[in-house]
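There are 2 protein chains.
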Amino acid sequence: MKYRIAMDAMGGDHAPQEIIKGVVTAMREDDELDIILIGDEEAIKKELQSLNCKKEPHIVHTDQWITMDASPKKALQGNPRASVILAAKLVHEGQADALVSAGNTGATVLAAAQNLQIIPGIERSGLAAIYPTAKFEHGGHGFALILDVGATLHCTPKQLVHFAYMGSYYVSHVLGIENPRVALLNIGEEETKGGEVLTKTHRYLQDAEGLNFVGNVEGKDIPKGAADVIVTEGFVGNVVLKMMEGVSDVLRQTGKYALKKKLQWKLGLALLSSGVKRLKKKTDYSEYGGAPILGFEKLVIKAHGRSNAKAIGNAIRVAKKAVAQNVSGHIADSIVKFNEKHSLDFIDI
Amino acid sequence: MKYRIAMDAMGGDHAPQEIIKGVVTAMREDDELDIILIGDEEAIKKELQSLNCKKEPHIVHTDQWITMDASPKKALQGNPRASVILAAKLVHEGQADALVSAGNTGATVLAAAQNLQIIPGIERSGLAAIYPTAKFEHGGHGFALILDVGATLHCTPKQLVHFAYMGSYYVSHVLGIENPRVALLNIGEEETKGGEVLTKTHRYLQDAEGLNFVGNVEGKDIPKGAADVIVTEGFVGNVVLKMMEGVSDVLRQTGKYALKKKLQWKLGLALLSSGVKRLKKKTDYSEYGGAPILGFEKLVIKAHGRSNAKAIGNAIRVAKKAVAQNVSGHIADSIVKFNEKHSLDFIDI
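Protein chains in written order, with the numbering used here: chain S, 1 to 349; chain B, 1 to 349.
Just so you know, the hints here were simulated from the structure itself, not pulled from any lab data. The model shown is predicted, which means the values in this text are computed figures rather than measured ones. You may find that some hints are simply not true.
[Said to hold, decoys possible] Heads up, simulated DSSO-like pairs for lysine-lysine below, C-alpha to C-alpha not over 30 Å straight-line: (1) B:K261 - S:K256; (2) B:K266 - S:K260; (3) S:K220 - B:K89; (4) B:K280 - S:K266; (5) B:K256 - S:K261; (6) B:K193 - S:K193; (7) S:K266 - B:K260; (8) B:K262 - S:K280; (9) B:K256 - S:K262; (10) B:K73 - S:K220; (11) B:K310 - B:K89; (12) B:K220 - S:K256; (13) B:K200 - S:K73; (14) S:K261 - B:K260; (15) B:K2 - B:K89; (16) B:K281 - S:K262; (17) B:K261 - S:K135; (18) B:K260 - S:K277; (19) B:K224 - S:K262; (20) B:K260 - S:K281; (21) S:K220 - B:K224; (22) B:K200 - S:K193; (23) B:K277 - S:K200; (24) S:K260 - B:K262; (25) S:K260 - B:K260.
Put together the whole structure using the sequences plus the hints.
In structure tokens, the structure reads:
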């Protein structure tokens, strides 16, 4: 069995070097991988030569790609042969089973939406993010998934339930968390909290087959790891995700400040450094292989913009696993069942 | 000049002891304060005797109050003479200039909404929270205000602009931050981000007289202190605020874990303790006197549920300052002007 991954060679802060390093290493370690690199052929070949690799990945040449800070919509319109678009087209045409990109997030989501087939019955795709939680202390896995984080700003109850299924299947089949706890982000635990959309969503989730719905969680539960999958609309998920980044930046700055300010603090931090390292390793984004964009018939993995070769390798590994486990197929089956069961309810919402 | 504060003696984790201690100290230090304690007369008198105070506050007796974990709506309905309701009524009747409570937040907001007069032209009150930011490092004030954090889950552009005025006047007149930077919480800096409500709000804010609008901020900017007043709808603000609590809990737990786990880490933390103490002092909730509930003709201050005597004293001091500075009057004036200027726009929103 071969797993064919379309890899955007030009996306990411360290593209194409780290992308190609990651691809070559992944192919060396796994015979079942067949990778198509989409990007500047000359640059790719130069990199491949320097890595001295025997089995070469396929290359699809293009001289267009999307920069990290480009405005997604405009950039895609202006670059119809952008590497991420061609990669999505290859997947759509059946020449690849999954798409991986470390490039511009908005452009990746949009390229997928414009070129891939959405799962029948699903209205909107969901961008998921995997983030570290405090659970590692107790020997737990220490990660949770939150979706949507920006693909769909405001959602209907139906769309939120679909996100719950997407997240649950991904977490169980790809991250290996059995019977994952799915929760709805809200402003209180009571099921009547949060307004009409969330109250309805809560009711559907309670009743949803194949989901381990544990109820509402609040903002304070996000970093604590009270659930494995947290469902929310894209606006809120985006604010939450970026706030985690902001907190992490502030902590790093505070550490740097303390380091400079006083010898005693410098010494204290030095003594703690093994702990900080351990924490860093447990919360290393490169370990879990990037954020899935869910809801399409084929899987899309958005690796972190800062991805190094190791992170790219993990993203490819994760993409293969999702294909092997038929995550999209499982999601599609549940959605059909859920939609049929509630076909009358959804007329008005 | 006398400043008359209605104080809910029964609200808060340490009520009535710490409430009354805080009140007595505040009155000792400030002759202009006239405080009415609303609660169980016997318990209040017992506490006052033990404190040996000369000038006694007024007491309004009641045998009903709302517990911290009660469901606000039901609890208020079942306790029509609850201390927080009587306190709000005293303010409404003109027997007091401001209301302070450290009790159940939802019940305080609801008691205010049911008993106080909203400022003409304002549709919804806003619950604001003051939180520590990373700015203290640079000698800044180190606090910012975010609103709404739960009083109004979803907002119109008009309501969000009103929140901006409320927050801006409070921060400048009570916290003493000159020309405070007001920002709109969004998922990107561009003014077209975030959907119709936020795009419209952005346009109004750019054009709003007397506001120092600095544009959109994202989740990552919240802990960094990129703005002094952050405006958002209540659902998002609530999630953000509780997430900050959650992160702070997780950091404390991680510290405790490190303390127990390894002697080297224990030593490291000991060397850092003066820094942690300094950080704690700079981010001490008891310093800034609680969260204002804005939009009523009289000011309501919701002190933290865990308030000790010092926090209560600061809440009273802040309430007095808001009355002395006529914060509600300033807000009312701006709202009238803003609404008049946009009277035609608001027909459809």
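Status of the hints after comparison with the structure:
This hinted pair checks out: K261 of chain B and K256 of chain S have alpha carbons roughly 24 Å apart, not beyond 30 Å. For the hint linking K266 of chain B to K260 of chain S, the alpha-carbon distance of about 21 Å falls within 30 Å, and the restraint holds. Note on K220 of chain S and K89 of chain B: the hinted pairing is violated, with a Cα-Cα distance of about 34 Å set against a maximum of 30 Å. Simply put, K280 of chain B and K266 of chain S have alpha-carbon atoms about 19 Å apart, close enough for the 30 Å limit, and the pair holds.
Taking the CA atoms of K256 of chain B and K261 of chain S, the gap is about 24 Å. The hint holds against a cut of 30 Å. With a CA separation close to 27 Å, the supplied pair K193 of chain B and K193 of chain S stays within the 30 Å bound. The suggested pairing of K266 of chain S with K260 of chain B holds, with an alpha-carbon distance near 21 Å, which does not exceed 30 Å. At most 30 Å may separate the alpha-carbon atoms for a hinted pair to count; K262 of chain B and K280 of chain S meet this at roughly 18 Å.
Proximity of K256 of chain B to K262 of chain S is assessed by CA-CA distance (about 23 Å); at most 30 Å being required, the pair is judged to hold. Straight-line distance between C-alpha atoms of K73 of chain B and K220 of chain S comes to about 23 Å, which keeps the hinted pair within the 30 Å bound. Using a Cα cut-off of 30 Å, the hinted pair K310 of chain B and K89 of chain B holds, with the two alpha carbons roughly 26 Å apart. Taken as a hint, the K220 of chain B and K256 of chain S pair is honoured in the structure, with Cα atoms around 18 Å apart against an allowance of 30 Å.
Taking the CA atoms of K200 of chain B and K73 of chain S, the gap is near 21 Å; set against the 30 Å cutoff, the hint holds. For the suggested pair K261 of chain S and K260 of chain B, the alpha carbons sit about 27 Å apart, so the restraint of at most 30 Å is met. Proposed proximity of K2 of chain B and K89 of chain B is supported: the alpha carbons are some 19 Å apart, at most 30 Å. Pair hint K281 of chain B plus K262 of chain S holds up; C-alpha atoms about 18 Å apart against a cutoff of 30 Å.
Using a Cα cut-off of 30 Å, the hinted pair K261 of chain B and K135 of chain S holds, with the two alpha carbons roughly 16 Å apart. As the CA atoms of K260 of chain B and K277 of chain S are separated by approximately 18 Å, the hinted pair is consistent with the 30 Å bound. Distance check on the hinted pair: K224 of chain B and K262 of chain S sit about 23 Å apart at the alpha-carbon level, within 30 Å; holds. At most 30 Å may separate the alpha-carbon atoms for a hinted pair to count; K260 of chain B and K281 of chain S meet this at roughly 20 Å.
Pair hint K220 of chain S plus K224 of chain B holds up; C-alpha atoms about 19 Å apart against a cutoff of 30 Å. Straight-line distance between C-alpha atoms of K200 of chain B and K193 of chain S comes to about 27 Å, which keeps the hinted pair within the 30 Å bound. As the CA atoms of K277 of chain B and K200 of chain S are separated by approximately 46 Å, the hinted pair breaks the 30 Å bound. Between K260 of chain S and K262 of chain B the alpha-carbon distance is near 25 Å, which keeps this suggested pair within the 30 Å criterion.
Taking the CA atoms of K260 of chain S and K260 of chain B, the gap is near 27 Å; set against the 30 Å cutoff, the hint holds.
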